[in-house]
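There are 2 protein chains.
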Amino acid sequence: MANEMEEIKTKLGITVKKEEDLSEWYQQVVLKSGLADYSPVSGCMVYLAWGYSIWEEIRNFLDSKLKALGHKNAYFPLFIPESLLKKESEHFKGFTPEVAWVESGGKEKLEERLAIRPTSETIMYVMYSKWIKSYRDLPLLLNQWNNVVRWETKATKLFLRTREFLWQEGHTAHATKEEADREVLTILNVYQDLLVNLLAIPVLVGLKSEGEKFAGALYTATLEAIMPDGKALQAGTSHNLGQNFSRAFDIQFITKEQKKEYVWQTSWGVSTRLIGALVMIHGDNKGLVLPPRVAPIQIIIIPIYYSKSQAEVIIQKSKEIKNMLLSSGLRVEIDDRDDKTPGWKFNEWELKGVPVRLEIGPKDLEKSSVVVFRRDTLQKSVVQISDLLPVLNNLLNDIHQKMLERARKKLEESISQAEDYNEFKEKLEKGGGFIKVSWCGRLECESQIKNETGASVRLIPFENNEPFKEYCFHCGEKAQKLAYFAKSY
Amino acid sequence: MANEMEEIKTKLGITVKKEEDLSEWYQQVVLKSGLADYSPVSGCMVYLAWGYSIWEEIRNFLDSKLKALGHKNAYFPLFIPESLLKKESEHFKGFTPEVAWVESGGKEKLEERLAIRPTSETIMYVMYSKWIKSYRDLPLLLNQWNNVVRWETKATKLFLRTREFLWQEGHTAHATKEEADREVLTILNVYQDLLVNLLAIPVLVGLKSEGEKFAGALYTATLEAIMPDGKALQAGTSHNLGQNFSRAFDIQFITKEQKKEYVWQTSWGVSTRLIGALVMIHGDNKGLVLPPRVAPIQIIIIPIYYSKSQAEVIIQKSKEIKNMLLSSGLRVEIDDRDDKTPGWKFNEWELKGVPVRLEIGPKDLEKSSVVVFRRDTLQKSVVQISDLLPVLNNLLNDIHQKMLERARKKLEESISQAEDYNEFKEKLEKGGGFIKVSWCGRLECESQIKNETGASVRLIPFENNEPFKEYCFHCGEKAQKLAYFAKSY
Chain A
1 MANEMEEIKT
11 KLGITVKKEE
21 DLSEWYQQVV
31 LKSGLADYSP
41 VSGCMVYLAW
51 GYSIWEEIRN
61 FLDSKLKALG
71 HKNAYFPLFI
81 PESLLKKESE
91 HFKGFTPEVA
101 WVESGGKEKL
111 EERLAIRPTS
121 ETIMYVMYSK
131 WIKSYRDLPL
141 LLNQWNNVVR
151 WETKATKLFL
161 RTREFLWQEG
171 HTAHATKEEA
181 DREVLTILNV
191 YQDLLVNLLA
201 IPVLVGLKSE
211 GEKFAGALYT
221 ATLEAIMPDG
231 KALQAGTSHN
241 LGQNFSRAFD
251 IQFITKEQKK
261 EYVWQTSWGV
271 STRLIGALVM
281 IHGDNKGLVL
291 PPRVAPIQII
301 IIPIYYSKSQ
311 AEVIIQKSKE
321 IKNMLLSSGL
331 RVEIDDRDDK
341 TPGWKFNEWE
351 LKGVPVRLEI
361 GPKDLEKSSV
371 VVFRRDTLQK
381 SVVQISDLLP
391 VLNNLLNDIH
401 QKMLERARKK
411 LEESISQAED
421 YNEFKEKLEK
431 GGGFIKVSWC
441 GRLECESQIK
451 NETGASVRLI
461 PFENNEPFKE
471 YCFHCGEKAQ
481 KLAYFAKSY
Chain B
1 MANEMEEIKT
11 KLGITVKKEE
21 DLSEWYQQVV
31 LKSGLADYSP
41 VSGCMVYLAW
51 GYSIWEEIRN
61 FLDSKLKALG
71 HKNAYFPLFI
81 PESLLKKESE
91 HFKGFTPEVA
101 WVESGGKEKL
111 EERLAIRPTS
121 ETIMYVMYSK
131 WIKSYRDLPL
141 LLNQWNNVVR
151 WETKATKLFL
161 RTREFLWQEG
171 HTAHATKEEA
181 DREVLTILNV
191 YQDLLVNLLA
201 IPVLVGLKSE
211 GEKFAGALYT
221 ATLEAIMPDG
231 KALQAGTSHN
241 LGQNFSRAFD
251 IQFITKEQKK
261 EYVWQTSWGV
271 STRLIGALVM
281 IHGDNKGLVL
291 PPRVAPIQII
301 IIPIYYSKSQ
311 AEVIIQKSKE
321 IKNMLLSSGL
331 RVEIDDRDDK
341 TPGWKFNEWE
351 LKGVPVRLEI
361 GPKDLEKSSV
371 VVFRRDTLQK
381 SVVQISDLLP
391 VLNNLLNDIH
401 QKMLERARKK
411 LEESISQAED
421 YNEFKEKLEK
431 GGGFIKVSWC
441 GRLECESQIK
451 NETGASVRLI
461 PFENNEPFKE
471 YCFHCGEKAQ
481 KLAYFAKSY
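Line by line, the protein sequences are chains A and B.
Each residue of the first sequence is one higher than the one before, starting from 1 at the first, in my numbering.
Each residue of the second sequence is one higher than the one before, starting from 1 at the first, in my numbering.
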């Protein structure tokens with residue numbers, strides 16, 4: 001038993017504390033909980049079954065919301081001819097430094113090299129210009145679930161920055177700017193719903209600055225979460241592309257009044273980096289902690305027995321309980337491996353972040369009860385089997401609410417205010433977080449701040465964005481708006 | 001109205017007959033029914049919403065079957081370093097002629113070029129060798145849903161041969177050959193279930209010859225369908241890889257008896273080419289005909305009215321019927337566009353292959369009935385609304401059965417037998433189909449036949465594969481087995 005505990009500690013357990021070395025802690029949790037692994041391709045990772053199944057839960061949630069709003073899924077080619085990628089110049093400038101290029105197929109050199117999509121605006125919109133002729137073809141609401149490649153030169157980090165990642169990208173075309181504006185916000189709300197109600201991740205929402213908006217967009221709306229080291233993480237973005245792409249790709253339609261006009265477009269996406277955010281925000285020193293609604297397994301049942309005859313009875317009872325819970329829609333598994341002790345299993349499932357554990361032993365059975373363990377607070381309680389279903393349903397909801405509240409508290413505590421540049425830099429050094437400032441809104445000013453401190457504008461609030469000082473905290477010009485700055489992932 | 005019908009015919013309708021020009025007919029059905037479109041990237045297509053939603057139905061069906069058998073989904077990198085792809089020599093020889101290569105990322109030339117996966121054996125198995133240590137790690141049962149690229153030099157064809165396509169690839173590792181054999185057959189059965197019970201596509205199953213097996217496999221099991229032009233189409237394959245890859249990638253495990261052994265592996269896949277098979281087999285001169293279980297919309301409701309006051313009542317009733325059918329699990333939509341006539345809608349939904357249409361007009365409503373139209377036979381009947389649910393459930397099952405029977409009859413009629421090479425060539429010219437022959441089984445012999453006639457061994461039956469003649473129909477050597485030859489897609 002001592003040996004086994006040793007093995008658990010060194011092989012399975014997390015050997016550093018979250019509060020002491022976040023980066024090493026994060027890597028250990030991701031690898032040891034079975035979310036992902038490094039691959040032999042530099043900067044690319046393997047999504048392991050546990051990590052991928054979380055992505056499936058995210059996808060199911062989001063996909064049904066998007067479909068309910070009238071969006072349809074489609075799939076466009078992985079490759080983008082260079083000439084197409086170049087058509088919208090701001091877009092090309094933004095993405096070309098991180099494009100992977102295919103230059104030969106089989107034994108032949110290609111006449112034109114092909115970009116592997118870093119995002120699909122250009123390959124999609126060349127089709128949109130073919131398909132959209134009349135106001136009757138609008139709105140066009142397409143989404144795709146795919147892989148994209150961005151040839152990062154910065155250090156990569158599992159889930160948070162990899163050269164290939166999985167995401168969804170929505171691309172819509174509308175008759176008017178107002179409709180496109182509305183779509184941008186509708187999607188922002190869907191993303192917030194996903195973050196708050198599935199992932200228990202509270203976010204700040206607002207607009208990106210000129211320097212931070214999507215390459216080729218009119219404006220970008222964003223959702224920003226806070227990580228334990230005080231750095232922000234962009235959890236999703238929703239862009240109004242204006243008519244920038246429709247002009248570059250000649251996407252025109254005949255209006256009801258028989259006039260020819262360019263369409264207004266939006267694009268928006270969230271990616272598997274959400275899984276990284278999930279780990280960072282909710283994990284603890286025992287490993288991953290999954291919010292119940294996104295957990296691929298919500299309840300793990302561990303049968304405990306000391307003899308073969310006990311085993312039969314207990315496993316039988318475990319199966320009955322499993323089936324009862326399954327049939328009410330809960331995601332439940334029994335860990336009945338006979339080469340692992342209950343203690344070993346406790347540790348493994350805690351590491352993997354399963355929200356609730358049921359322990360069923362001979363003594364519990366005598367009393368028609370089970371031990372219920374909740375992963376977020378590590379608390380145990382004894383529950384009568386006859387009460388189990390309502391108790392578990394309440395418990396899962398409670399775990400979600402408590403996890404969300406804890407995260408929201410941290411988000412709120414991470415927001416501070418700086419009167420001037422010195423205070424700003426001081427706060428950046430001490431804990432970071434979101435720092436509210438009165439800002440001039442000039443691209444030149446934000447570039448200087450980013451170069452000098454590494455912090456960027458994370459968002460400008462939609463409302464109540466009046467500056468609280470007359471002059472910009474950095475350059476001293478007239479302050480135009482309130483902005484949230486932070487360092488970021 | 002005359003003008004409109006003209007427009008329907010030229011824009012929407014199929015302008016050639018299936019029996020007269022299959023290739024042109026196929027292309028028109030795929031494009032005009034909204035399954036797919038050509039893209040600006042040579043050899044790559046766009047999966048439109050209608051085509052992609054059929055893929056989603058296929059994926060949902062297969063994914064739940066695979067998960068029920070213990071398989072888990074994961075995701076591996078798109079890129080394979082050239083040195084990895086080379087590790088299993090037969091595999092590399094088979095795939096290297098059709099690999100697309102990434103040679104630079106951003107502005108930098110890569111040190112080693114990266115293949116875009118044509119299939120993922122090599123990038124997966126380098127990980128398997130890291131993960132698999134003991135018999136306790138077996139079986140390892142992983143699957144991925146992804147995109148692969150094969151740089152075809154032959155003419156491409158929507159769904160049936162494109163340079164990028166979507167598929168699933170399963171990759172398992174086992175302790176013994178027997179287990180791997182069993183897995184190969186289990187998957188073959190799952191695929192047959194998918195083909196027969198979801199897609200109404202009957203197939204022949206059997207083993208591939210040496211010349212046709214997967215590059216690097218011990219043997220390949222296959223499912224073969226017949227197309228209307230007498231050419232076969234490989235609908236799915238399941239390979240026993242033996243220890244070929246485990247030796248090349250050093251995937252060894254410690255047995256219960258503490259010995260070190262190489263694992264036995266399988267891989268298997270089906271792709272979006274199934275959608276092409278669906279079109280080919282079931283389509284008619286009005287367009288696509290979808291088997292009900294895979295149809296994204298099973299029932300389309302067309303409200304028919306001649307005044308605004310009628311419209312209100314009829315649309316209201318249509319919605320009631322829709323909700324009744326939805327709540328019993330059917331996939332139903334109402335086409336209430338007010339800029340199209342009922343006739344236009346009839347044509348469009350027939351073209352798109354929706355199995356059942358309900359027509360609801362003022363006269364029907366008076367009699368509390370609706371007109372039910374079935375797409376496969378083009379027959380109409382009148383059904384009382386109170387009987388609608390059981391009638392439709394029976395009808396959808398009946399459509400599936402009838403479509404399957406018709407296709408099975410064609411498959412059976414496509415099989416003939418040839419005594420000698422002359423008869424073989426004659427039959428190949430006249431209608432093609434599967435030609436049963438007594439065959440020597442030699443690679444050299446099958447290569448000659450393929451070069452001379454374009455026909456290949458499609459399969460060797462699992463059972464009853466005794467040759468009916470003593471000597472090979474082609475080369476005159478001793479006949480070893482019964483083989484089915486055909487030209488193929």
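There's no promise every hint is true.
Just so you know, same-sequence chains aren't split out, so a pair can sit in one copy or run between any two.
Claimed, not checked - With a straight-line Cα cutoff of 30 Å, these simulated DSS-like cross-link-like pairs (lysine-lysine) come out:
1) K430 with K487
2) K436 with K363
3) K86 with K107
4) K481 with K18
5) K65 with K402
None of these hints come from the bench; they were simulated from the model.
Source: prediction; values computed, not measured.
**Request:** Sort out which numbered hints this structure fails and list those numbers smallest first.
**Result:** Violated hints (numbers, rising): 2, 4; every other hint is consistent with the structure.
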